[in-house]
Structure formats: C-alpha cells, structure tokens
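> If you want the building blocks of each chain, they are given just below.
There are 2 protein chains.
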Amino acid sequence: MRLSIVSLAKPILHGYFRSSCSWRVRIAFALKGIEYEQIPVNLVKDGGQQLTDQYKALNPMQQVPAVEIDGITLSQSLAVIQYIDETRQGPKLLPACPKKRAQVRMICDIIASGIQPLQNLYVIQKIGADKAQWAQHFIQRGFQALEPILKGTAGTYCVGDEISMADICLVPQVYNAERFKVDVGQFPTIDRLNQTLVGVEAFKLSHPSCQPDTPADLRS
Amino acid sequence: MRLSIVSLAKPILHGYFRSSCSWRVRIAFALKGIEYEQIPVNLVKDGGQQLTDQYKALNPMQQVPAVEIDGITLSQSLAVIQYIDETRQGPKLLPACPKKRAQVRMICDIIASGIQPLQNLYVIQKIGADKAQWAQHFIQRGFQALEPILKGTAGTYCVGDEISMADICLVPQVYNAERFKVDVGQFPTIDRLNQTLVGVEAFKLSHPSCQPDTPADLRS
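So the sequence lines, in the order shown, correspond to chains B and D. The first sequence maps to residues 2 to 221 in the working numbering. The second sequence maps to residues 2 to 221 in the working numbering.
It is worth saying that the hints were derived from the structure and are not from the lab. One or more of the hints may lead you astray.
Identical copies look the same in the list; a pair holds intra-copy or inter-copy alike.
[Said to hold, decoys possible] Subject to a maximum C-alpha distance of 25 Å in a straight line, what follows is the list of computed DSS-like cross-link-like pairs (lysine-lysine):
(1) K57 / K100
(2) K93 / K11
(3) K57 / K152
(4) K100 / K152
Only a predicted model underlies this, so the values are computations on that prediction, with no experimental measurement involved.
Based on the provided sequences and hints, a complete structural model is requested.
See the structure below:
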C-alpha cells in the first residue's frame, strides 16, 4: 500500500529557473507529460540557498537540481532523466539502438562533464579568474568538438530524427552560450538544431523565462 | 559479411596509463572479460599527443579515452561503459532495479561531472591557479558530498553488494585524490570501499602501474 502511495505522489523538483541542469530535468518532465511540483532554490539570494543545512541534507553536493521521486532523492540531471525514462510512459528519451544510445550519452557527457562544469560561475569565481572570458573559452572549446560530432549524428535532432536526452542537454547549453556572448552562428549544426528545438512545446514550457521563480524583469 | 567482421574485431582503446577516465574503461573491459587493444596517447610528451590533428579526427574533444568499437568511435568513458554493458555478455555493470541504477548513475555523475573535470590539470593550468591546491579543493568538496551518499547506498560495494559502474568511477578518483595528497581517511566509507575494490582482480589488472605505456620508474 505504502509503495503505491509513494509512486502516485508528484515528483518534486528543487531547482532554479536559470540553472541549465534544472532546465534539462524540466524538459524531460515536459516531454514525458509528467506533472511535478517545483520548489525554487535561489542560487544568488541570501548568499545562495543551496548552501543551507536543510538543502545540504537533500543534496550534499549543494547544487541544483535535486528531485524527490518514488521515495528516493536523486541529484545529477542525467541520472534523473534516465530514471524517468526507465520508469515512466511517454516518448523514449534514449533510442532503442545501442549505438545510437551510446552516441546520445556521448553528446550528453561532452556537455555535462566537458563544458557545463567548467563554465559554472561558482568554479570560475572560486579560482578568481575573469568570469565571462573563461566561460566563453570553455563553451567555445566544447562547441568546436560538438559541431563535427553532431554533423555526423544529427537528423532533424541531435541523433537521428527523434528527440533524445542529447537535445535536452544541447538547448540549455546553447542558452548559456548566448548569455556569455558566444557567437553560436560559428557552429551551423548546433545553431540549426537549437533553432528547431526551441520551437518544440516541451522546450518552450520549461524555458527559464517562464518558471515560478523567474524574476518579473526576465519574464517573457 | 562486413558487419560481422567489424563486430568481431577487438575494440581499440586510445588512452593514457594515468588518465582516470581511461582507467574506468580498462576496468569495465576487465570486468566483462573483453580483450582489447591499447594505443597509448601520451598526454605530456611532444606537448600532448592528444592535440595532434590525427587524434582530433578521432576525438574532437582532444581528450582520452576514445574507443573504436563495432565500427563506431566513442569518447566519454560512461557512454563507452554503458555501451559495453548493453552489448556484451558478462557481469552487469548497472543493477536491474531502476532506483539502484539511478543511484549508480548519480554517484558516477558526481565524480564524472562534479569532481574529475575540475581537478583536471589542463583546466587548472589554463586558468593559471595553483594546481595542487585547487585539485585538492575540488576533490575534497566532492568527497564531502559523496561520503554521506555512499553511506546510504553502499553494501560491500558502492551500491549494494554487486560491483557496478559507480565502483568503476570511485577507484580511479581515489587514486587521483591520493596523488594530490588528499587524506582519504577522512572519508571512512569511501576509504573502505576503495580498499575492498583495489583487491579485485579487474581493478588490479587495469591499474595505471601496469599498462603498456607505464614508464619503467612507475611500474610495480
């Protein structure tokens, strides 16, 4: 009895409107048509609400997102997305073909391990380097690698003609690139995929400009 | 005909003896009992062999590892390991239970996105910060988060009593921690798991101290 009550409860996403990793999870929920609750964690206010003891108990990495789902708490967006994919109905977020699945995961990890952590403001600030310059450098370097890979794997979307976890990672990373004034037009495949994807309903609904914690002056 | 020739060929691992991400892939091959060829890419010699045009064509990120397998080339160790797991016989590297799979992936991503990229010498050197100090800082911060998570998930190994991809990520990260003089004894669960795992044959065979490209003075 208890198990079914737990699994019927809506998942809770602890996130931040502008965090690209939180946005990844919002896209996945939207693509799957899963209702969820959002509890905003303001990464800037009060010196960073992710640093409180209360939040640390939920996610010891003190980062967003953290998701409470089916009685467990998961951090790390790709782990959350694959869990949703393996346990929920709706369009599959990874292809059935093992080679294509591997290519999806490779693209995701280039973004999630090779770009995002290095352009993260926390890290750059901590080291005391020039923020915008280093964020630009690491995004540019990552996109130079992604462009030829995507040229080989893409159809309508990042890998073939079905939306996958790779697309879920790409769009928020392009959004970050634009915030840091990287000229995305240098990367025609990335640019074309992003332009297609931002028109898809699940990407629009989950966009940083229209979340419960989006400040009034950034809403659209 | 051509397809079966391709899939019968041994996978080729382009790696470096001391790269923790290369070691992850070597552990996975060893656990699965898969024979493979190693082509060493010396990250230090000649200004870094990963920076050549030849290697860039193989892996545009200019990092190790890159694996040629079944007619495709994959970079990103976790994508490679999951591909091997989904296409090869042998012990499963992810548990069957979706919640446990998610916990394995969360632990892997804390290491692969939250620790390893930040202690990477390339990044720290590029920013011009003190190498050892920052590597220590980011490893210490990551282990402080991993310790309570592993305390909750671990049995004999990182998640329950079967070796998984989480263990494959943990051991090379502890090896890096020790290189940077982090006192791993502060983290009793990490320390205990590592000590158990380094005794397992697949972890010993794949250790940086006994690879084809290990320099004579570092062999054991």
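> Evaluate each hint against the coordinates.
Status of each hint after checking the structure:
1. K57 / K100: Classified as between; 21 Å across copies, 37 Å inside a copy.
2. K93 / K11: Within one copy only: 20 Å inside a chain, 31 Å across chains, cut-off 25 Å.
3. K57 / K152: Answer is between; shortest inter-copy Cα gap is 15 Å, intra-copy 40 Å.
4. K100 / K152: within (16 Å within a copy, 35 Å between copies)
Hint check: no violations occur; every hint is consistent with the structure.
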